[in-house]
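Student: Given next are the chains, with one letter for each unit.
4 protein chains.
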Amino acid sequence: MCGIFGIVGHGEASNLTYLGLHALQHRGQESAGIVASDGHTLRAHRQMGLVADIFTAPVIENLPGQAAIGHVRYSTAGGSGIKNAQPLFVNYAGGQFSIAHNGNLVNATELKAELEAEGALFQSDADTEVVMHLLARSKQPTFEARLVEALRRVEGAYSILLLTEDKLIAVRDPNGFRPLVLGKMKEGAYVLASETTALDLIEAEIVRELEPGELVVIENGVLRTSMPFKPAARLGRCIFEHVYFAKPDSVLFGSSVYEVRKRLGMQLAREQPAEADLVIAVPDSGVPAAIGFSQASGIPYDVGLIRSHYVGRTFIEPQQSIRHFGVKLKLSAVRSVLKGKRVVVVDDSIVRGTTSRKIVKMLKAAGAVEVHLRISSPPTQWPCYYGIDTPSRTELIAATHTTEEIAKYVTADSLGYLSLEGLGTAVEDPKRSTYCTACFSGQYLTDKLSQSAGGATKLSA
Amino acid sequence: MCGIFGIVGHGEASNLTYLGLHALQHRGQESAGIVASDGHTLRAHRQMGLVADIFTAPVIENLPGQAAIGHVRYSTAGGSGIKNAQPLFVNYAGGQFSIAHNGNLVNATELKAELEAEGALFQSDADTEVVMHLLARSKQPTFEARLVEALRRVEGAYSILLLTEDKLIAVRDPNGFRPLVLGKMKEGAYVLASETTALDLIEAEIVRELEPGELVVIENGVLRTSMPFKPAARLGRCIFEHVYFAKPDSVLFGSSVYEVRKRLGMQLAREQPAEADLVIAVPDSGVPAAIGFSQASGIPYDVGLIRSHYVGRTFIEPQQSIRHFGVKLKLSAVRSVLKGKRVVVVDDSIVRGTTSRKIVKMLKAAGAVEVHLRISSPPTQWPCYYGIDTPSRTELIAATHTTEEIAKYVTADSLGYLSLEGLGTAVEDPKRSTYCTACFSGQYLTDKLSQSAGGATKLSA
Amino acid sequence: MCGIFGIVGHGEASNLTYLGLHALQHRGQESAGIVASDGHTLRAHRQMGLVADIFTAPVIENLPGQAAIGHVRYSTAGGSGIKNAQPLFVNYAGGQFSIAHNGNLVNATELKAELEAEGALFQSDADTEVVMHLLARSKQPTFEARLVEALRRVEGAYSILLLTEDKLIAVRDPNGFRPLVLGKMKEGAYVLASETTALDLIEAEIVRELEPGELVVIENGVLRTSMPFKPAARLGRCIFEHVYFAKPDSVLFGSSVYEVRKRLGMQLAREQPAEADLVIAVPDSGVPAAIGFSQASGIPYDVGLIRSHYVGRTFIEPQQSIRHFGVKLKLSAVRSVLKGKRVVVVDDSIVRGTTSRKIVKMLKAAGAVEVHLRISSPPTQWPCYYGIDTPSRTELIAATHTTEEIAKYVTADSLGYLSLEGLGTAVEDPKRSTYCTACFSGQYLTDKLSQSAGGATKLSA
Amino acid sequence: MCGIFGIVGHGEASNLTYLGLHALQHRGQESAGIVASDGHTLRAHRQMGLVADIFTAPVIENLPGQAAIGHVRYSTAGGSGIKNAQPLFVNYAGGQFSIAHNGNLVNATELKAELEAEGALFQSDADTEVVMHLLARSKQPTFEARLVEALRRVEGAYSILLLTEDKLIAVRDPNGFRPLVLGKMKEGAYVLASETTALDLIEAEIVRELEPGELVVIENGVLRTSMPFKPAARLGRCIFEHVYFAKPDSVLFGSSVYEVRKRLGMQLAREQPAEADLVIAVPDSGVPAAIGFSQASGIPYDVGLIRSHYVGRTFIEPQQSIRHFGVKLKLSAVRSVLKGKRVVVVDDSIVRGTTSRKIVKMLKAAGAVEVHLRISSPPTQWPCYYGIDTPSRTELIAATHTTEEIAKYVTADSLGYLSLEGLGTAVEDPKRSTYCTACFSGQYLTDKLSQSAGGATKLSA
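Residue numbers (full-length UniProt numbering), protein chains in the order written: chain S, 1 to 461; chain D, 1 to 461; chain P, 1 to 461; chain Y, 1 to 461.
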């Protein structure tokens with residue numbers, strides 16, 4: 001998954017981009033990059049690691065100019081490694097341009113083969129590079145026209161920022177898979193970001209989300225907008241952004257992420273009630289849903305697991321391995337809360353089931369007499385081809401096992417998932433007609449995938 | 001403040017010490033160190049920074065042996081810098097020894113002057129070095145006897161671990177200011193740590209806390225205990241460990257930290273009620289008290305502030321400075337929760353008041369119509385001389401201002417502190433006869449300070 | 001300037017490449033890179049800095065395979081920065097390939113414009129990328145045929161190594177500007193390197209230099225050779241390699257670099273004799289010529305300047321700046337040798353004159369009564385367009401000043417350059433018909449430049 | 001071995017100390033440190049590594065003040081590691097002081113035991129710490145008087161710089177083992193350094209060497225001198241400084257190091273002639289003696305071995321190990337010079353013989369038909385206890401083997417050492433009555449060692 005940020009019209013463009021990327025750090029921790037334009041020349045800095053470690057004062061000073069775009073990356077398409085760090089940056093016939101992409105193109109392989117057959121060189125594994133080649137090869141007279149022509153050929157999820165010497169361009173794909181929000185600073189600079197939390201940090205006013213299929217150009221302080229693509233058959237806003245990915249203080253697709261998550265928990269309490277003494281969360285992502293579950297069920301909310309402030313670092317595993325080592329470095333159980341209690345523990349999703357299993361065992365080892373695992377989304381059964389980094393179907397436990405089997409595997413006394421209908425209710429779209437729920441339903445929205453996967457039968461059926 | 005950890009009788013002594021220190025990282029982030037003994041030679045590694053960054057596999061491999069002690073440090077006595085990183089490590093007439101100290105000696109300055117007059121050299125600013133000199137100068141025949149003679153001369157707070165070529169020694173001062181807990185691993189190794197959370201991580205069984213004034217020697221797999229010091233007039237267990245310092249999953253001085261904090265919040269709700277729509281915490285330290293406040297008051301608990309997972313890093317401040325910059329990098333307000341609401345916000349303490357002020361302003365900027373600040377401890381009016389790093393009296397806002405003045409400064413609609421009595425109730429010692437509450441009451445327990453500060457009148461009186 | 005190295009058919013290909021690059025480190029200190037093939041996949045590591053700092057054991061382990069190419073770079077065409085570090089590495093229609101280039105293409109700008117007009121993207125500033133695009137766009141059926149078609153379009157200096165999944169290819173341009181030598185290891189592996197010193201280090205047998213215009217393919221352990229290009233009008237082996245650039249223990253263009261340099265000094269003594277008490281060198285590059293000068297003139301050779309072993313690091317300049325600061329960190333004068341003496345000091349060339357001036361002043365400050373500067377090559381008056389990093393004409397002191405003016409500027413008592421004829425004699429090609437001497441004569445050999453610069457009049461004429 | 005530097009009375013004291021240490025880097029590459037005084041407080045920075053890597057601009061800025069001392073270290077007494085990095089720095093009854101020591105104390109072990117018995121703590125392995133303890137324990141009224149009392153107790157080699165808040169003190173032991181030279185800057189600042197090369201770099205005027213047994217105090221811009229120690233029975237200036245250790249452009253013990261080395265080579269040619277075609281040096285240390293040998297013998301000097309500019313870095317050894325790997329990374333043989341020639345190769349000394357063996361083999365592999373190894377000093381048979389880092393006797397090849405045996409081991413056609421008499425002649429002290437030659441003669445000069453080792457019979461006798 002990735003996060004993108006751009007700003008134009010501000011003397012501290014690269015510094016604000018770095019702060020914006022920090023606010024979006026939860027969207028990608030593998031690498032980060034900024035490309036800035038001083039009106040004549042683009043300069044880039046990309047590196048593996050965290051935003052605050054990469055962008056020191058001397059690095060920022062070497063990125064002068066009034067406009068900049070930035071990117072944080074957790075690998076999706078393409079492997080990891082510095083060559084895939086974005087924003088990508090090239091020279092072409094029209095000068096220089098740079099691109100930062102959140103999403104994933106589903107027809108990149110075919111387009112890449114076609115381009116290579118025409119002599120194109122690919123220097124990264126990123127599907128994003130396909131867009132750059134298509135743009136450079138276009139015979140259209142302007143940069144925007146070239147870009148539109150290029151994007152008309154691609155299929156999939158893209159919220160994209162582009163920077164040339166003199167303009168910043170933002171585009172959101174016609175399905176609107178990934179978020180992209182426009183803001184404005186008091187001094188007049190325009191800002192674009194994956195989530196509102198980045199705008200809040202730098203005190204930009206939130207103007208609005210870009211429309212699905214909208215293309216915005218900001219040049220000489222003027223913003224122009226257009227809808228140059230054929231509208232998608234229907235919207236496909238990523239529901240998993242609400243379930244897990246986005247930061248809870250963000251407002252996304254018109255709804256507060258925090259409130260959606262609380263409603264998921266409330267609905268979950270209604271659908272999957274449990275006899276218990278207390279409700280706890282798997283912190284931090286499970287907290288809002290756990291509070292919602294508590295409020296709807298009347299079972300008191302408490303803190304049964306403490307999240308370490310020092311996770312995310314690598315550790316040397318002792319030879320006499322500690323049980324649940326990985327989870328223990330991240331989470332500690334609060335014995336006094338759990339001892340002798342029947343506990344509802346709320347998490348956002350189960351991927352492989354291994355972490356859930358460790359958590360349930362930790363809770364029991366700390367004295368919980370019953371552990372009822374409640375998941376604030378439906379079973380994750382299908383891989384995402386639109387930008388979320390999920391494993392293949394065979395690794396998704398819910399693709400190959402029933403809920404009962406999973407409950408047994410994770411050693412929970414009971415396991416309950418939210419229904420698809422309940423999920424729709426929480427996002428105030430009961431029929432899920434404006435959201436993509438493919439990871440839960442297998443209903444992919446793009447032509448290519450809806451044909452191949454649409455007819456797939458559930459492996460565990 | 002500091003954290004200490006020791007283990008003896010385990011083939012992976014330094015590796016487990018490193019994990020133990022990681023679990024105690026919240027007690028000190030400035031530097032960390034481990035000294036290990038292979039039975040003949042002590043080896044040390046000390047460095048500025050975080051445990052997980054310092055102790056890489058090659059570093060751990062260079063610390064072989066069955067016994068090790070470790071230390072994480074946030075400066076108290078003595079300035080910062082690598083020379084003050086512990087464990088300290090010296091050669092003396094009897095061989096080698098190393099020491100890791102949590103606490104602060106109140107008569108270190110006098111003893112240091114006396115020792116220097118006799119020709120002693122001091123290579124750090126740490127009061128701990130005084131103990132080493134006294135020990136080395138003792139004419140007693142054994143290491144323990146030397147240590148006892150040395151410690152009889154010092155006054156103040158100390159939980160200390162010492163490592164020689166062939167034994168591990170642990171001592172807790174007669175007032176019992178700082179915690180120190182004994183554990184045992186399944187394989188038979190003894191473990192000592194500042195807090196139980198470190199024992200939990202490495203799956204050591206918690207045996208018991210050391211008694212105030214107890215000295216434990218572990219040698220050749222055998223543990224001997226003694227009470228070699230004159231008992232203190234009364235116990236002085238640090239109440240601030242419960243209020244703020246310890247990790248909530250630890251059991252400290254016989255009580256669960258988490259439960260104490262919840263009771264602080266419950267008592268606070270009784271003493272300082274507020275008309276409000278919801279209760280939020282300043283995360284993460286204020287969470288248990290906020291939940292307690294919610295349960296006692298019946299006002300719903302919710303999450304109004306999100307803590308970033310990437311705090312603790314340094315940032316380049318933009319020139320057009322963002323309001324409340326420092327706080328914003330750490331905390332984000334959840335607008336949807338706060339908008340139009342009367343909010344009780346619970347924090348553990350107020351030091352200078354500047355952060356509280358920023359938080360209150362952030363909450364109002366995010367839409368809260370009333371902000372009622374509730375503090376789960378009494379006003380912090382006196383510096384700690386027993387190991388907590390508090391600023392001087394003149395910087396403590398509560399030492400020089402009334403509660404009304406503070407409320408006005410932090411721009412809260414109301415401000416309420418917990419009473420000293422309430423604090424005692426929460427730790428189940430209503431008269432506070434076994435706890436040190438000097439930071440709140442000015443009643444210092446050691447001879448030297450009780451004379452000087454005991455008669456002091458409150459500056460703001 | 002750059003150095004290249006390649007090996008195929010050896011289980012430690014990347015390790016030997018790293019040693020080979022270390023031996024070629026004098027050819028470029030800005031960045032280094034290795035690309036290795038395991039038969040299926042190419043893996044790359046490129047970084048700013050020195051070979052021995054970049055290629056640690058874990059980095060080498062991540063470059064498995066029986067074949068590898070490497071590159072050390074000091075910027076020529078294209079600015080500095082990681083994006084220009086070689087070997088370059090791309091995917092194209094036929095799979096993956098990598099390229100390492102020593103030299104400079106004189107028609108890169110025109111070709112780049114043409115390629116960009118067709119939609120090509122350029123990700124580096126390197127002229128080398130032009131070759132990659134031409135190759136990828138070729139419609140020829142095989143990799144070699146594509147490469148030949150590509151190289152037929154370029155003009156200039158190139159010794160190139162290419163690596164695909166299954167073969168190593170080496171090419172030398174028809175003029176033979178840059179060296180490239182073939183070697184063979186006892187175990188059968190083929191090796192290619194810019195200079196023989198790299199083969200000596202890894203104990204490869206020196207087979208022969210590649211012919212100008214020769215293309216060698218090594219695949220499945222078999223070496224095929226061909227001469228696919230139109231022969232150049234005449235050879236243009238870079239005479240400056242002998243004068244300064246190559247390592248003295250190398251054998252280059254059939255002659256020992258060390259012996260050539262000694263002969264340069266001998267001829268210089270004949271052409272530009274001096275009345276003096278001793279001959280010293282500007283170390284280390286001036287040493288062979290100084291010994292030759294001494295032997296031919298009978299004036300004793302001695303060491304008047306000591307080179308620091310710790311140069312090449314950056315230094316903080318004191319505010320009260322030390323005279324000749326930069327030179328002093330590199331060179332120390334030996335007072336006892338110089339005091340009261342008339343000194344001949346031999347250097348290989350003068351570029352801007354500033355360093356020579358500092359050296360002459362240092363020698364006089366150390367007691368030399370006369371300083372006679374002798375240069376073992378003719379005046380450097382023309383920039384190199386074939387791969388040596390020389391400044392523009394206006395910065396070349398000999399392009400704008402007479403020898404007398406230069407002598408005065410550098411404060412030498414006399415200044416003597418070697419003649420072009422003498423230079424030819426030393427390389428055993430009195431008419432210079434097989435060497436490029438453009439930096440001294442302005443006679444550029446490639447079509448494009450011979451037209452433009454051939455008619456240029458000397459600025460200082 | 002170590003190098004020391006001090007300056008007082010200059011606004012850029014720490015910056016000039018860093019430059020001075022860089023000039024002395026050849027005296028120690030393991031660690032470096034600077035302690036500076038701003039008149040009130042001493043500040044230290046010590047680190048493993050090279051001067052230019054350690055002292056970056058921010059580090060220098062944190063060392064303000066008009067006075068500073070610095071140290072470069074290669075371990076002698078005491079093992080390696082950061083705790084032994086100097087200058088050492090302590091607090092004592094009189095305030096703060098720091099010490100930088102070049103040399104080695106022969107009675108440190110006894111004094112250490114005595115001090116430890118009195119309760120002293122030792123934090124390093126350095127014998128230097130003994131001096132600090134003795135000083136701190138002295139009951140004398142002034143710092144100088146304490147220092148004198150302390151130094152009267154020690155025996156051995158010491159050139160020492162001490163820094164207090166307000167003065168810089170320099171002392172040289174009564175035997176004068178190690179050099180120490182006084183200089184003065186134009187602006188009036190006094191400078192002290194191990195060698196004149198450091199004064200030359202910062203353009204300080206060389207005033208004079210300190211006398212053996214002299215103590216100099218510089219305070220408030222005034223220099224006071226005294227001779228407070230009992231004169232030594234005789235001088236013992238280290239002859240190995242001239243043979244190998246010092247930088248050739250330095251003037252040491254009144255003689256130019258370079259000239260002494262040339263005279264060593266001339267005398268060697270007379271004592272150990274050889275029939276040969278050319279004389280080469282093992283660079284760089286053997287160069288002056290090789291030139292002297294050439295001049296005295298009339299055999300032409302040439303360059304047969306090239307020293308890499310990139311040595312001193314660690315390397316990954318290939319599994320199929322290259323013959324003479326270590327030497328090959330440092331030295332390359334020049335085939336064209338050596339081929340078919342009878343070669344005299346001059347080196348300064350032989351320690352274990354392994355490197356000499358590799359060099360002789362390299363020369364033969366490069367075509368030399370005869371290799372005559374000539375050593376510009378007598379056989380190294382005895383360890384140095386005065387500060388040079390030599391291995392134990394059993395590892396010194398000349399302590400256990402005859403010259404013939406060594407010649408055979410190193411595979412040389414002949415081997416000749418300089419005689420002790422010849423060595424004396426070269427330093428203009430034929431009877432060696434002012435030099436220590438213990439490493440060659442076994443005649444140790446200090447009481448303690450002259451008794452124990454004086455009567456020793458040569459192992460190989």
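Worth flagging that the hints you see were computed from the coordinates, not collected in a lab. Since the model is a prediction, treat every value here as computed from it, not as a measurement. Incorrect hints may have been included.
Which copy? The list can't say, so a pair holds if one copy fits it or any two copies do.
The calculated SDA-like cross-link candidates involving lysine to any residue, where the alpha carbons are at most 20 Å apart (straight line), are [what the hints assert, rightly or not]:
#1 Lys139 - Arg152
#2 Lys330 - Tyr310
#3 Lys83 - Asp125
#4 Lys112 - Lys139
#5 Lys112 - Thr41
#6 Lys431 - Ser414
Student: For each hint, tell me whether it holds in the structure or not.
Tutor: Hint by hint, here is what the structure shows:
| no. | hint | verdict |
| --- | --- | --- |
| 1 | Lys139 - Arg152 | within (14 Å within a copy, 28 Å between copies) |
| 2 | Lys330 - Tyr310 | both (8 Å within a copy, 14 Å between copies) |
| 3 | Lys83 - Asp125 | both (8 Å within a copy, 16 Å between copies) |
| 4 | Lys112 - Lys139 | both (19 Å within a copy, 17 Å between copies) |
| 5 | Lys112 - Thr41 | between (28 Å within a copy, 18 Å between copies) |
| 6 | Lys431 - Ser414 | neither (28 Å within a copy, 46 Å between copies) |
Violation of the numbered hints given earlier is confined to hint 6; every other hint is satisfied by the structure.
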